[in-house]
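Enquirer: Residues per chain are reported as follows:
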Amino acid sequence: MNLYEYLGKDIFRKNGIPVPDGYLVEKKEDVRKYEKPVVVKSQILLGGRGKSGGIKFVKSEADLKPAVDSLLGSEVRGLKVTRLLVEEMIDIRKEMYVSFSLNRTERKPMLMATVEGGVEIESLPHDKIFLRLIDPLMGYSDYIAKEAVKFMQLEPAIAAQFRSLLAKLYEIFNKYDCELVEINPLVITGEGKLIAADAKVVMDSDSLFRHREFNVIDPEKTPLELEANGRGYSFVELQGDIGVIANGAGLTMATLDALTLHKGKPRNFLDLGGTDSVDIVIDAFDLVLKANPKTILVNIFGGVTKCDTVANGIVEAKKKYGIKQPIVVRLSGIHEEEGREILKKNGVDAFSDMMSAIETAVKREGGN
Amino acid sequence: MKNYVDENTKVIVQGITGHQGKFHSGEMLKFGTKVVAGVSPGKSSEKVNGVQIFDTVADTMHLNPTASMISVPAPYVKDAAFEAIDAGIELIYVLTEHVPFHDTMDILYEASRKGITLLGPNGPGITRPGKCKIGIMPNHIFKDGDVAVASRSGTLTYEIVGALTKAGFGQSTVIGLGGDPVVGLTFIDVLKVFNDDPNTRKIVLVGEIGGINEEMAADYIRKNVKKKVVAYIAGRSAPPGKRMGHAGAIIEKGSGTAESKIKAFNAAGVHVADFPADIPGLLG
Chain A
1 MNLYEYLGKD IFRKNGIPVP DGYLVEKKED VRKYEKPVVV KSQILLGGRG KSGGIKFVKS
61 EADLKPAVDS LLGSEVRGLK VTRLLVEEMI DIRKEMYVSF SLNRTERKPM LMATVEGGVE
121 IESLPHDKIF LRLIDPLMGY SDYIAKEAVK FMQLEPAIAA QFRSLLAKLY EIFNKYDCEL
181 VEINPLVITG EGKLIAADAK VVMDSDSLFR HREFNVIDPE KTPLELEANG RGYSFVELQG
241 DIGVIANGAG LTMATLDALT LHKGKPRNFL DLGGTDSVDI VIDAFDLVLK ANPKTILVNI
301 FGGVTKCDTV ANGIVEAKKK YGIKQPIVVR LSGIHEEEGR EILKKNGVDA FSDMMSAIET
361 AVKREGGN
Chain B
1 MKNYVDENTK VIVQGITGHQ GKFHSGEMLK FGTKVVAGVS PGKSSEKVNG VQIFDTVADT
61 MHLNPTASMI SVPAPYVKDA AFEAIDAGIE LIYVLTEHVP FHDTMDILYE ASRKGITLLG
121 PNGPGITRPG KCKIGIMPNH IFKDGDVAVA SRSGTLTYEI VGALTKAGFG QSTVIGLGGD
181 PVVGLTFIDV LKVFNDDPNT RKIVLVGEIG GINEEMAADY IRKNVKKKVV AYIAGRSAPP
241 GKRMGHAGAI IEKGSGTAES KIKAFNAAGV HVADFPADIP GLLG
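Protein sequences appear in the order of chains A and B. In case it helps, our numbering puts the first sequence at residues 1 to 368. In case it helps, our numbering puts the second sequence at residues 1 to 284.
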């Protein structure tokens, strides 16, 4: 889960990493009296805010309200701006970069740091970046910062601040179950102070049971995705018109892939999971129907999920919601014959192999 | 390298009184697995499926268990795994989904420090037909044979194993590595075992989008594996930036695409099936 900059900066502040003074604006009345130059920053979770006009620099009292008015409620990079962060303008001498992230391949935390900040880290040549895996058995220790400082050739006064900041950043990475904590840019001010001008904190969604204070609705998900997740389904909206219900993440992906290879266009990813319940099937149809598909494809490999249970769920959902769209079903595995028999009696075509069902669903999508 | 389980493997189930623990310990017993004990604090006078329950893992050690299946809610997995590691269980398999990956990293490194194997989290387990099954794979799909299967998913594995059995290809070992971004055993780990296993003649790898473990496996195969390997990759139609059911199945910043994995496998001489049903044909 990606945190807004202001929430990331709250975490930084609480944990001793210097950030600019600032406050949050959610409505126009929240704007405080102008005292010194400020930056007004749209709180959206996409990069490139500056280039898209989502950040305004205010150097006089007269400019503050117009800046807030123009940003609050506007759209930046297709996202509605509902919150602004108003921060003191800092005197930037140099912009650097530092982050801790999960290296999936090595299964270890990884430190990245460079004196070339303020740009996308991916755009930099590798030899400009200090890159260091952290041995989880030993954890982080100051010698790692010393190596970084040497690589970055930081002057002693900055180096001391940097070492202290790095230790705190690693603590945050662990304490808040982060996938990524990134400061870009990490600014050296005209007075020679280090300050985090931005904050990117991505927390592991699976860890939220121990971070209940971060009950943030994921803005990267659609309303239907949020509703489906709330009801316990893995669900992703796609652009096509064949609604898909399958069991298991891998099989559901394989179903979408097979449809696509047959020139079909899936409308969604929905994983039923491994529970044997008629209600879960009915509820899944409710969600898929909300996406207005032209055809619905159900692909089940029965194990824990029994095929006859799924068949009963399909028949009940058809009655309950008066489904008009063609439903194409593939049932294989435990109780598959009973399942197909139930469907046949109720006028639903059922196949035992996946490819026949895929081909039929694609044909139905094209009209019929 | 030795295979992870065989007919002598003695299994305990941590969380045996839960819905999953109860059902799957029963299925494992039917398969012929030696389930020697269950662990569930405060229920040590009870039995599940005829299996005696104990309060702690330490209390089961007189029965000489070598493997543990952990099926407790995600917030308690780390403690359960540490308990098993401390007691000296050799193979720890975590069924539970949604374990925080920081917890998995902690488990993984404590396990590796003590030479203990971690399988999962969030995978279907390991099955050797005729010998032992630990996990949740359906009993009826298997047939004893010489094809080894390793996969990052559950149901898709059953789909492919079912197709293999139907086509007459039995299996030597089927192992589900788990759908999380951080898991214990990887493709390379199990390839080493399959490569050395005299009972395995052909290998099937079932990968998916996210990470670069398939690419690394392809490189390993090119250098070390003489046995025939075929693969399937799920998620070639997945949009970037979306988690496709598994926490680990996500294309991030252009990395982890199906295209890159298929290319790597092809470069290593591994045929990649377009559809799961094509796998038996490619093995033939």
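Read the hints as simulated data drawn from the structure, not as lab findings. Here the structure is a predicted model, which is why all the values come from computation and not from measurement. Where is the CB? At the ideal position from N, CA and C, for every residue including glycine. The reader is advised that the hints may include incorrect statements.
To be verified - Not everything, but these chain A residues come out facing chain B in the computed CB check (under 10 Å): (1) Asn174; (2) Glu237; (3) Leu238; (4) Ile334.
Enquirer: Failing hints, ascending?
Expert: Per hint list: zero violations.
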